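Undergrad: Given next are the chains, with one letter for each unit.
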Amino acid sequence: MTETVMVDSARAVDWWAVVKEAAITAAIGLALTVIMVGLRTVESGGGLIIETHLTEVAWFVVLVFVGRAGMALLRQGVAVPVLVVSLAVAVGCWFVHFPSSVLQLLAFTAGAVLAIRALVLARIHRSPLSAQERDQRMDRLGARFQDAARYLGPALLAFAAVLPLLPFADRYIIDIGTLALTYVMLGWGLNIVVGLAGLLDLGYVAFYAVGAYSYALLGSYFGWSFWVCLPLAGIMASCFGLLLGFPVLRLRGDYFAIVTLGFGEMIRIILLNWYNFTGGPNGLTGIPRPSFFGIAVFERSPPDGVLAFNDLFGIPFSTLQRVDFLYYLILVLALIVNFFTLRIRRLPLGRAWEALREDDIACTALGINRTNIKLAAFAIAAMFGGFAGSFFATRQGFISPESFSFMESAVILAIVVLGGMGSQLGVVIAAVLWVGLTEFFRDLAQYRMLAFGLGMVLIMVWRPRGLLAHRDPTLLLHPRLTARQRQREAENRA
Amino acid sequence: MIMPSPVTRSQPGGPALLEVEHLTMRFGGLIAVNDVSFTANDREITAIIGPNGAGKTTVFNCLTGFYSPTVGRLTLHGANGPVLLERLEAYRIAQLAKVARTFQNIRLFQNMSVLENLIVAQHNKLMRASCFSLAGLFGLPIYRAAERAAIEKARYWLDQVNLTDVADINAGNLPYGGQRRLEIARAMCSEPVLLCLDEPAAGLNPRESAELAALLCKIRDDEKIGVLLIEHDMSVVMKISDHVVVLDYGCKISDGSPDHVRNDPVVIRAYLGEDDDDVTASEVLAAAPAVTVTGGRS
Amino acid sequence: MAYFLQQLINGLTLGAIYGLIALGYTMVYGIIGMINFAHGEIYMVGAFVSLISFLVLGAAGITWVPLMLAIVLVISMVFTSIYGWTIERLAYRPLRGSVRLAPLISAIGVSIFLQNYVQLVQGARIKPLPPVIRGGFTLMGDGDNFVVQLSYLQIIIMLLTVGLMVAFTMVITRTDLGRAQRACEQDKTMAALLGVNVDRTISMTFVMGAALAAVAGVMVTMYYGVVDFYIGFLAGVKAFTAAVLGGIGSLPGAMLGGILIGLIESFWSAYFTIEYKDVAAFAILVMVLIFRPTGLLGRPEIEKV
Numbered sequence: 139m140t141e142t143v144m145v146d147s148a149r150a151v152d153w154w155a156v157v158k159e160a161a162i163t164a165a166i167g168l169a170l171t172v173i174m175v176g177l178r179t180v181e182s183g184g185g186l187i188i189e190t191h192l193t194e195v196a197w198f199v200v201l202v203f204v205g206r207a208g209m210a211l212l213r214q215g216v217a218v219p220v221l222v223v224s225l226a227v228a229v230g231c232w233f234v235h236f237p238s239s240v241l242q243l244l245a246f247t248a249g250a251v252l253a254i255r256a257l258v259l260a261r262i263h264r265s266p267l268s269a270q271e272r273d274q275r276m277d278r279l280g281a282r283f284q285d286a287a288r289y290l291g292p293a294l295l296a297f298a299a300v301l302p303l304l305p306f307a308d309r310y311i312i313d314i315g316t317l318a319l320t321y322v323m324l325g326w327g328l329n330i331v332v333g334l335a336g337l338l339d340l341g342y343v344a345f346y347a348v349g350a351y352s353y354a355l356l357g358s359y360f361g362w363s364f365w366v367c368l369p370l371a372g373i374m375a376s377c378f379g380l381l382l383g384f385p386v387l388r389l390r391g392d393y394f395a396i397v398t399l400g401f402g403e404m405i406r407i408i409l410l411n412w413y414n415f416t417g418g419p420n421g422l423t424g425i426p427r428p429s430f431f432g433i434a435v436f437e438r439s440p441p442d443g444v445l446a447f448n449d450l451f452g453i454p455f456s457t458l459q460r461v462d463f464l465y466y467l468i469l470v471l472a473l474i475v476n477f478f479t480l481r482i483r484r485l486p487l488g489r490a491w492e493a494l495r496e497d498d499i500a501c502t503a504l505g506i507n508r509t510n511i512k513l514a515a516f517a518i519a520a521m522f523g524g525f526a527g528s529f530f531a532t533r534q535g536f537i538s539p540e541s542f543s544f545m546e547s548a549v550i551l552a553i554v555v556l557g558g559m560g561s562q563l564g565v566v567i568a569a570v571l572w573v574g575l576t577e578f579f580r581d582l583a584q585y586r587m588l589a590f591g592l593g594m595v596l597i598m599v600w601r602p603r604g605l606l607a608h609r610d611p612t613l614l615l616h617p618r619l620t621a622r623q624r625q626r627e628a629e630n631r632a
Numbered sequence: 002m003i004m005p006s007p008v009t010r011s012q013p014g015g016p017a018l019l020e021v022e023h024l025t026m027r028f029g030g031l032i033a034v035n036d037v038s039f040t041a042n043d044r045e046i047t048a049i050i051g052p053n054g055a056g057k058t059t060v061f062n063c064l065t066g067f068y069s070p071t072v073g074r075l076t077l078h079g080a081n082g083p084v085l086l087e088r089l090e091a092y093r094i095a096q097l098a099k100v101a102r103t104f105q106n107i108r109l110f111q112n113m114s115v116l117e118n119l120i121v122a123q124h125n126k127l128m129r130a131s132c133f134s135l136a137g138l139f140g141l142p143i144y145r146a147a148e149r150a151a152i153e154k155a156r157y158w159l160d161q162v163n164l165t166d167v168a169d170i171n172a173g174n175l176p177y178g179g180q181r182r183l184e185i186a187r188a189m190c191s192e193p194v195l196l197c198l199d200e201p202a203a204g205l206n207p208r209e210s211a212e213l214a215a216l217l218c219k220i221r222d223d224e225k226i227g228v229l230l231i232e233h234d235m236s237v238v239m240k241i242s243d244h245v246v247v248l249d250y251g252c253k254i255s256d257g258s259p260d261h262v263r264n265d266p267v268v269i270r271a272y273l274g275e276d277d278d279d280v281t282a283s284e285v286l287a288a289a290p291a292v293t294v295t296g297g298r299s
Numbered sequence: 014m015a016y017f018l019q020q021l022i023n024g025l026t027l028g029a030i031y032g033l034i035a036l037g038y039t040m041v042y043g044i045i046g047m048i049n050f051a052h053g054e055i056y057m058v059g060a061f062v063s064l065i066s067f068l069v070l071g072a073a074g075i076t077w078v079p080l081m082l083a084i085v086l087v088i089s090m091v092f093t094s095i096y097g098w099t100i101e102r103l104a105y106r107p108l109r110g111s112v113r114l115a116p117l118i119s120a121i122g123v124s125i126f127l128q129n130y131v132q133l134v135q136g137a138r139i140k141p142l143p144p145v146i147r148g149g150f151t152l153m154g155d156g157d158n159f160v161v162q163l164s165y166l167q168i169i170i171m172l173l174t175v176g177l178m179v180a181f182t183m184v185i186t187r188t189d190l191g192r193a194q195r196a197c198e199q200d201k202t203m204a205a206l207l208g209v210n211v212d213r214t215i216s217m218t219f220v221m222g223a224a225l226a227a228v229a230g231v232m233v234t235m236y237y238g239v240v241d242f243y244i245g246f247l248a249g250v251k252a253f254t255a256a257v258l259g260g261i262g263s264l265p266g267a268m269l270g271g272i273l274i275g276l277i278e279s280f281w282s283a284y285f286t287i288e289y290k291d292v293a294a295f296a297i298l299v300m301v302l303i304f305r306p307t308g309l310l311g312r313p314e315i316e317k318v
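Protein sequence lines, in the order shown, are assigned to chains A, B and C.
Position one of the first sequence corresponds to residue 139 (the numbering used here), numbered consecutively onward.
Position one of the second sequence corresponds to residue 2 (the numbering used here), numbered consecutively onward.
Position one of the third sequence corresponds to residue 14 (the numbering used here), numbered consecutively onward.
Next up, chain A with everything else stripped away, as it sits in the complex:
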C-alpha cells in the first residue's frame, strides 16, 4: 500500500485490475450494509416491521466503488484525472440530494482525501509517503511543536486567565471553557498513568465518581464546606486507587486495562443500586455550592451572618460571578496537576515511571520496586481524578451514575491518546477540540460518538503514539540544542 511508484505516463493503466479491486471492495461494502442499513426494524403496532432503505445502500456501494477505484488509480500513478474527479465529487456532493447526511459527509471526506492524495502525487511525482517518512515528518512536527510550546504554553495560559474579562465572554462561553478545563484536568491526571507510567487505565472515571460522590455525601450529610471536602475527596479517591492498584498492578498491560474497566463499571453499578446511600439512578441533588474560600458566598441575599461575595468587594451582584469563580477554580486545579507533572518528570519518581513504561524488567534489575512505583502513579492520578470529581459535583449541584459511564473514561483516554501520550500541550489541544467540536456540531450530536470511535481507530492506525507525541529528555548534559535540532541529529545518527 505504501510502495513508491514513479509516475510513468507511458505505462498503460491496468483498468481490469482497478475495476476488480473496486468491485471487491464494493461487494464487501454491500455485504456490510445491506442488512444493517438496508433493512431497518421499526415498531409498528405491537411488533416490529421491516422498512427498506436500499437507496442508501446503493449510494454507499457506489461511493465505495468510486473511492476505491480512485485509490487504485492513484497507486498506478494516474494523478490529474483522479484529482479532477475527486474535487468534483467533493464540491458536487453539496449540490446533490443525498438520502442521508452521513452519506453526504462521507462523499465529501472521501473526495477531499483523494484530492489531497492526488495533489501530493501530482506535485512530488510519487505515491503517498511511506509510513516511515510520514512518521518522521510527524516526529519533526512534534519536535517543532515542543519548541513552540515554550511560547504557546504561556500564551494559552494568559488567554485562559483573561478569558472571563473579555467582552465576548458570556455565560455560555465560560461554561464551555469550564467544561474544557475539566477535561484538560482529567486528561492531565490520566496522562500520569497512561502517558508517563504506560499503564492503560480504562476506569479512570471511577475515581472521578468517587471524588464527586465523596463531596456530595460529605457536603450534604455533614454540611462540610467545599474547601474541607476537596482534599478529603482527593484522599478518598486515592485510597480507592491504592485499594484497586495493590492487587492488579502486577498484571500485564492488557489484563490491567480490562480489570480497570471492570472496576469502573463495578463502581457505577454499585452507585446505581445502593439506593439508600447514593440515591440510585436518580442521583444526588442539592449539592452545596462552593463559597469564596469560606469568606463569602455567591448569593444575592445570603442568610444572616454570612457575607455575600458582591458585598465583600462592593460590586453589584451578578450570577456570572459564581460562574467565573468556578472557571478560575478549575483553571487553578488543572494548573496544579500540570505543575506537578512537569515537576515530577524531572524527579526520580517520574523518571522511574517512564523507565517502567520503557522496560520494566530492566527497572527491576536496577533495584526499582515496580509495584510501589506503579502504585504511586495510580494513587496520584486517582487523587487528581477525585479533585476533578468534587469540582464537577459542586459545579453541577447534581450528580448521577449516568455521568460516570465507560464512555466518559473512553473520552478522557482518547484525549490523552490523541494529544500524544505524555504531551501536556497535546492534552489541552485535544480537550479543547473535543469540547469545541461537540458544541460546534450540536446538530450532528447523534453522530458524535460514531465519529469518536472512528477517530480513535484512525489515530491508532495512523500514529499510535498520538498526534503530537514528542518526548524531551528531562535533563541534558549538553543543554544547547532545541528539540528540533536534537530530532535532526537523532535522524542523522539513525
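Don't read these hints as lab results, they were simulated from the structure.
All of these numbers come straight from a predicted model, not from anything done at the bench.
From the three backbone atoms N, C-alpha and C, an ideal C-beta is built for every residue, glycine too.
It is possible that some hints are incorrect.
[Claimed, not checked] Here are the simulated distance ranges between beta carbons: (1) Ala155(A) with Leu273(B): 56 to 64 angstroms; (2) Lys219(B) with Met545(A): 56 to 64 angstroms; (3) Asn630(A) with Ala146(B): 30 to 38 angstroms.
[Unchecked claim] Anything over 10 angstroms on all C-beta distances counts as not near chain A; from chain C, calculated: (4) Leu25; (5) Ala196; (6) Ala205; (7) Tyr236; (8) Leu276; (9) Ala283.
Assemble chains B and C onto chain A, guided by the hints.
TA: Relative to the frame of chain A, chains B and C by itself:
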C-alpha cells in the same frame, strides 16, 4: 577513552564474594541447572562458559532473582555481611545485595536519553535524597545537590565507555556497540559489588571486543568489585578471566583457572563431541579468537 | 430442589451462549495476543442480523421452524463474519507490530463505533421478537406451584453448541487451516517462512470467531426475545471473563469458563440479588486475574528475561 592494551593483573583477587551451592532449577520436567556449585571472588573476573543451552543464563536469572531456584543456596558476602539471594525479590537483590546485571538481548530505556538511563540507575539513592519526591517537588537544595552528584557519576561512566558526546540522544538511537557499553555503564551507576554480564561481547567487532576486555579489567581493578561474565568469545574469556566455570547440560563439568580449563579433556569433549581424541582442549581454546562459539540462546 | 434444577438448566443455556462468544476472544488472543474488545459488539451485530432475518423470513411466509432456523443461522454467520473480517483488516492489521497497547485502544474505538452505528441505523429502542420456538418438556412437577421446564429452545441451544464445538475442534485439529492457526500461535515468523499465509490465517481466525459470536447472537435473540444495541458490552465482558476463567488461549477452557459464568450468573440472580449480577462477573474477572491469571486450563506464562 580506553584503548586496547595488554591486560595484566595488577593485584590479587579478594575473598569469596559469591558462593553458589547446589543450585538446581527445574522447569516442569526440564532440569535447566543441575546441582551447580562454584565460588566467585571479590576483585576477580569469573567467567561462566558452556555450549548453547548449558544453563548459563538460567544461573544468572536465579542469581538476580528473576527465577527462584528449585534448590540451592546463593550467598553474597557484601559489605554488610552475608545475604542469601534466593530469599530476596528481584528488585531487592539489586537494591540491598548490590548485584547489577546486563541482559543478553539489550534492555535499555530506548526512548529515554543516554544520560537519563544512567540517572534511573541511581533511582534508590535519588529517591531517598528527594524525600520520596517531596523535597524534589519544592526544589529543595538537598535534592539539587544529590542530582548534581548523580550527574557527575553518570558523566564519569559516560567518559569510561566513551559515550559523553551522545549523552543527550535517545538510547535507542545508539549503534549496537554503544548500547552494549551503555548497559554496562548503567549497571555500574547502581554501584554494585557484583557485576553480572550476560554475553557483553556478542555482536561486537574484534576491536570493540578488545576495548570491552580492557573496560572489564579496569572495572575489576579500579572499582574493586567482582565480575561474573557469561561469554562465548573465547578471546575475551581466556584473556581476562581469573577463574572459569564450565557448564554443560546444566551441570558443572570444569572449574579453575583459564589454563586449567583449557587443558581439561572433559571441556573439549563438551565443545567438540566424544570422538575427537586427537584434538586437545588447549588447541581449540587457545586458538581463539579463531574459535568463537557464538549463538543465541544459552 | 426443583428451583435449583431449573436454575441449573437456565445457567447451562446461558453458559453455552457465553462459551460461544468466549471462543472468539480466546482464539484471537491465542493467535495475535490481543484482547479483541470489539468482539462483544460483533455478537450484538450478529443478534441484529438474526432479528432482521427472522422478521424478513416471517414476512416472506417461511414459517417452518427448522428451515427458518437454518436460513437465519447461515445468514447471520455469513454477514457477521464479514464484519469480523473487515474490522481485522481495517483496524487491527495495520497495527501489528505497533506500540503494545495500540490494538486495544483501536479495538475500543471499533467497539464504540459499532455500538453507535447500530444505534443510528436501527434505533435505540429495545427490539422485541415474538417467540420462534415454543413449548418444552416439564421435567418435574413440584406439587402445586413450581415446575421445572426444559424448553425445546434450550435443548436446541445446547445441542447446537455441542455440535459447533465438535465441528470447531475438528477444524482446529484436522484441517490445514487449523494447523496453520496452531503454527501461527507458536511462531508467526517461522510459520511465514514455512509458507503459511499468516495474514490469511489471522483473518480466518477473526471470521471463525465472528461466526461463532453470530450463532450466540441468534440464540440470544430467540432465547430472550429482545435485542438492543447495548447488549454487546456486558456480554462481551462476561464472555471475556469466561475466556480468562477457562484460561485464555485454551479452547475447551473458553467453553468451560462460559458454562461456569452462566451458572454463576444464574444462581447469583436466583439466590442473591439480581441487581448485582453484573458485578459478580466483574468480581470473578478481577479475582481470577489476581489469583490465577492462567485460568483453569491455561498454561503458565514464564516471564522472559
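Undergrad: The structure should be examined with respect to each hint, and the outcome stated for every one.
TA: Do the hints match the structure? See the list:
1. Between Ala155(A) and Leu273(B) the C-beta distance comes to about 58 angstroms, which sits within the given range of 56 to 64 angstroms.
2. Against the hinted window of 56 to 64 angstroms, the Cβ-Cβ separation of Lys219(B) and Met545(A) comes to about 59 angstroms, which satisfies the hint.
3. Under the hint 30 to 38 angstroms, the C-beta atoms of Asn630(A) and Ala146(B), about 36 angstroms apart, fit the expected range.
4. Against the 10 angstroms criterion, Leu25(C) stays outside the reach of chain A, whose nearest CB is about 24 angstroms from its own CB.
5. Distance check on Ala196(C): its Cβ is at least 23 angstroms (rounded) from any Cβ of chain A, clearing the 10 angstroms threshold; non-interface status holds.
6. With a least CB separation of 18 angstroms from chain A, Ala205(C) remains clear of the 10 angstroms interface cut-off, as annotated.
7. Distance to chain A confirms Tyr236(C) as a non-interface residue, since its nearest Cβ pair spans about 17 angstroms, more than 10 angstroms.
8. Residue-level check passed: Leu276(C) sits 20 angstroms from the nearest beta carbon of chain A, beyond 10 angstroms.
9. At the 10 angstroms boundary, the C-beta of Ala283(C) stays outside the reach of chain A, the nearest C-beta of that chain being 17 angstroms off.
Going through the hint list in order, the structure satisfies each hint without exception.
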